Amino acid sequence: MEHEKISLKLRIKLFITILKKDIKSEIRQINDLFSILLFGVIAIFIFSSAYNYGTQIQNMPLEIFTIEIWFIIFFILIFIMTKLFNQEKESGTLGGLITSPVSASTILLSKIFFCFILLTFVEVIIFLFSFFFSAPLIQNLSFLQILNYIILGVILPSVDLAICGSLVSAFSMYVKNKSFVLPILLFPLILPIITPIISININLFEGDLITTLYYELFFIIAHITLMVSILVIISQTLLYD
Amino acid sequence: MPESKNDLINCVKVSKQFGYFFALKNISFKIRENTIFGIAGANGAGKTTLIKIICGLLSPTFGKIIIDGLNYEDHPNIIKRNIGITTDESFLYEELTLYENLRYYGNLHLLFDKEELDKKIEDFALKFNLSDWIHEPIGNLSHGMKQKVELIRAIIHEPSVLFLDEPFSGLDYKATKILITFIKELKIKKKITIILTTHNIEVLRQISDDLIILRKGKINKSFSKEDLNEIEIESYF
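Chain order of the listed sequences is A and F.
So in this note's numbering, spot 7 of the first sequence is number 7, and the numbers just go up one at a time.
So in this note's numbering, spot 180 of the second sequence is number 1180, and the numbers just go up one at a time.
For reference, chain A alone in the conformation it holds in the complex:
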């Protein structure tokens, strides 16, 4: 038997291999992605129309706009979670993955990254549509403020959500009633970060400085660290029966 150890370079190649396969697979099943996007766009349209009709106000206040967007993104995350480990388990291909010489952490990392890519892609579309339908009251932001918002208000929370989503997806893949278990497991995990995410978004939209958001940012980074630590500790147990 070959006893050569798997180097970091090989681990990165394996990570890219799994990620590339997931993306290719997703493109071949593009209808699933369209369904997710359709859900997001329709939800925004109904939300915005209901608000406009109910209040007779054309521009949605920033607080409601932010809550609306992230509320929809949390639900979209549940759809995306079913595409991570559950799909592999149901189609039987998980066996091929776990009997290959790939460490559990590499598999999990590639799934987190895949979840992040999908989530970011959907978020871009959702944000564009929501600006159009909801017309929120946002002041003119400088390029730096927009960049701050994208990195701290969207990418950082999305990383956290992708980690939570992958963790729950791996947790629930051996469960029979997945559609019931997924949200039940996800919401307690993401509940603590809902308020900081919304607060960061509102403040950054209002043009506040990052220095005023230390508490919220620290909380999200701590949450990411905690989730990653849990993943590292239980990754082996999560993937094997």
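Note that these hints are calculated values from the structure, not bench results.
Given the structure is predicted, the values throughout are model-derived calculations rather than measurements.
Any given hint could turn out to be false.
For each label pair, taking beta carbons as the anchor points, the in silico distance ranges come out as [as the list claims (entries may be wrong)]:
{"no.": "1", "chain 1": "A", "residue 1": "Gln29", "chain 2": "F", "residue 2": "Asn1129", "range": "26 to 34 Å"}
{"no.": "2", "chain 1": "A", "residue 1": "Gln29", "chain 2": "F", "residue 2": "Gly1069", "range": "40 to 48 Å"}
{"no.": "3", "chain 1": "A", "residue 1": "Ser49", "chain 2": "F", "residue 2": "Glu1116", "range": "56 to 64 Å"}
{"no.": "4", "chain 1": "F", "residue 1": "Gly1170", "chain 2": "A", "residue 2": "Ile146", "range": "38 to 46 Å"}
{"no.": "5", "chain 1": "F", "residue 1": "Ser1222", "chain 2": "A", "residue 2": "Ser7", "range": "38 to 46 Å"}
{"no.": "6", "chain 1": "A", "residue 1": "Ile155", "chain 2": "F", "residue 2": "Tyr1173", "range": "57 to 65 Å"}
{"no.": "7", "chain 1": "F", "residue 1": "Ser1059", "chain 2": "A", "residue 2": "Leu137", "range": "17 to 25 Å"}
{"no.": "8", "chain 1": "A", "residue 1": "Ile27", "chain 2": "F", "residue 2": "Gly1170", "range": "26 to 34 Å"}
{"no.": "9", "chain 1": "F", "residue 1": "Ser1131", "chain 2": "A", "residue 2": "Ala135", "range": "36 to 44 Å"}
{"no.": "10", "chain 1": "F", "residue 1": "Gly1144", "chain 2": "A", "residue 2": "Gln29", "range": "23 to 31 Å"}
{"no.": "11", "chain 1": "F", "residue 1": "Phe1062", "chain 2": "A", "residue 2": "Phe71", "range": "46 to 54 Å"}
Computed list of lysine to aspartate or glutamate pairs in DMTMM-like fashion (alpha-carbon distance at most 20 Å, straight line) [claimed, not checked]:
{"no.": "12", "chain 1": "A", "residue 1": "Lys89", "chain 2": "F", "residue 2": "Glu1089"}
{"no.": "13", "chain 1": "A", "residue 1": "Lys20", "chain 2": "F", "residue 2": "Asp1118"}
{"no.": "14", "chain 1": "F", "residue 1": "Lys1184", "chain 2": "F", "residue 2": "Glu1226"}
{"no.": "15", "chain 1": "A", "residue 1": "Lys20", "chain 2": "F", "residue 2": "Glu1095"}
{"no.": "16", "chain 1": "A", "residue 1": "Lys24", "chain 2": "F", "residue 2": "Asp1118"}
{"no.": "17", "chain 1": "F", "residue 1": "Lys1216", "chain 2": "F", "residue 2": "Glu1226"}
{"no.": "18", "chain 1": "A", "residue 1": "Lys5", "chain 2": "F", "residue 2": "Glu1158"}
{"no.": "19", "chain 1": "F", "residue 1": "Lys1187", "chain 2": "F", "residue 2": "Asp1209"}
{"no.": "20", "chain 1": "A", "residue 1": "Lys5", "chain 2": "F", "residue 2": "Glu1073"}
{"no.": "21", "chain 1": "A", "residue 1": "Lys24", "chain 2": "F", "residue 2": "Glu1095"}
{"no.": "22", "chain 1": "A", "residue 1": "Lys5", "chain 2": "F", "residue 2": "Glu1234"}
{"no.": "23", "chain 1": "A", "residue 1": "Lys89", "chain 2": "F", "residue 2": "Asp1088"}
Cβ coordinates follow ideal geometry from the N, Cα and C atoms, glycine included.
With chain A held as given, fit chain F onto it using these hints.
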């Protein structure tokens, strides 16, 4: 009992419990290097559970599996690099093509040289009459073709141990004969140790070097090559 020099796999007091049900009870046996080892038994005897435990898809509740002196707890990746598996479940992605599936699994087994891997895929496709289907999604292939692709997937990285769970199910007489020849070839030319489960006694008689028959999760009888033609195997099912 002292371990023989050419014992490749050692299954030590393996039991598997699902809830209150014991699918396997205290099973011990050894598999010699470069042999074809058959696992037979009636439905529900524990064949698939046993082969899944030996290849690392399931972990035993009690006992341990040692492959070439290594166990799954300490050296999972070294063992996995050297084994190939086909089970009752398909490991192939229906939406990806035959080529993409084989390339993916080749990469997962650390074959990153594109030219070398492409050559292997082409050779195997030619050998199994799949050349015309190489860029076809797996979902468009017939059951028999998919089984061929599964076999290629399992051996593309040239493992030293190959696990085949019910490889003959759903195959017609001609395809079974071709597969038997191919399995024998793998043993003789590539020096691969093969562990297979099947109900088909005639096939087992033709290719097995050693055979165990399971009944209700226990080894009911062990046979060596010499016994296979003389003893009524059916009565031990």
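Hint check:
Judged by the Cβ atoms, the range 26 to 34 Å given for Gln29 (chain A) and Asn1129 (chain F) holds: they are separated by roughly 29 Å. The given range of 40 to 48 Å is respected by Gln29 (chain A) and Gly1069 (chain F), whose C-beta atoms sit roughly 43 Å from each other. Against the hinted window of 56 to 64 Å, the Cβ-Cβ separation of Ser49 (chain A) and Glu1116 (chain F) comes to about 58 Å, which satisfies the hint. For Gly1170 (chain F) and Ile146 (chain A), the hinted distance range of 38 to 46 Å is not satisfied, since their beta carbons lie about 59 Å from each other.
Remark: the range hint 38 to 46 Å for Ser1222 (chain F) to Ser7 (chain A) is upheld by a beta-carbon distance near 42 Å. Between Ile155 (chain A) and Tyr1173 (chain F) the beta carbons are some 60 Å apart, a value that agrees with the proposed interval 57 to 65 Å. Taken as a hint, the range 17 to 25 Å is violated for the pair Ser1059 (chain F) and Leu137 (chain A), whose Cβ atoms sit roughly 57 Å apart. A hinted range of 26 to 34 Å holds for the C-beta pair Ile27 (chain A) and Gly1170 (chain F), which are about 31 Å apart.
Checking the proposed 36 to 44 Å range against Ser1131 (chain F) and Ala135 (chain A) shows it is violated: the Cβ atoms sit about 58 Å from each other. Against the hinted window of 23 to 31 Å, the Cβ-Cβ separation of Gly1144 (chain F) and Gln29 (chain A) comes to about 25 Å, which satisfies the hint. Hint check: Phe1062 (chain F) to Phe71 (chain A), Cβ distance near 49 Å, so the stated range 46 to 54 Å holds. Between Lys89 (chain A) and Glu1089 (chain F) the CA atoms are separated by roughly 10 Å; this keeps the pair inside 20 Å, and the hint holds.
Distance hint between Lys20 (chain A) and Asp1118 (chain F) is fulfilled; the C-alpha atoms sit about 18 Å from each other, no more than 20 Å. Proposed proximity of Lys1184 (chain F) and Glu1226 (chain F) is supported: the alpha carbons are some 17 Å apart, at most 20 Å. Pair hint Lys20 (chain A) plus Glu1095 (chain F) holds up; C-alpha atoms about 14 Å apart against a cutoff of 20 Å. Of the pairs offered as hints, the one joining Lys24 (chain A) and Asp1118 (chain F) holds, with about 19 Å between alpha carbons and a cut-off of 20 Å not exceeded.
The straight-line distance between the Cα atoms of Lys1216 (chain F) and Glu1226 (chain F) is roughly 26 Å, outside the 20 Å bound, and the hint therefore fails. As the CA atoms of Lys5 (chain A) and Glu1158 (chain F) are separated by approximately 18 Å, the hinted pair is consistent with the 20 Å bound. Of the supplied pair hints, the one linking Lys1187 (chain F) and Asp1209 (chain F) holds, its CA atoms being roughly 11 Å apart against a limit of 20 Å. Distance hint between Lys5 (chain A) and Glu1073 (chain F) is fulfilled; the C-alpha atoms sit about 15 Å from each other, no more than 20 Å.
For a cut-off of 20 Å, the pair hint linking Lys24 (chain A) to Glu1095 (chain F) stands: about 9 Å separates their Cα positions. Note on Lys5 (chain A) and Glu1234 (chain F): the hinted pairing is violated, with a Cα-Cα distance of about 45 Å set against a maximum of 20 Å. Note on Lys89 (chain A) and Asp1088 (chain F): the hinted pairing holds, with a Cα-Cα distance of about 14 Å set against a maximum of 20 Å.
The earlier numbered hints that this structure contradicts are 4, 7, 9, 17, 22.
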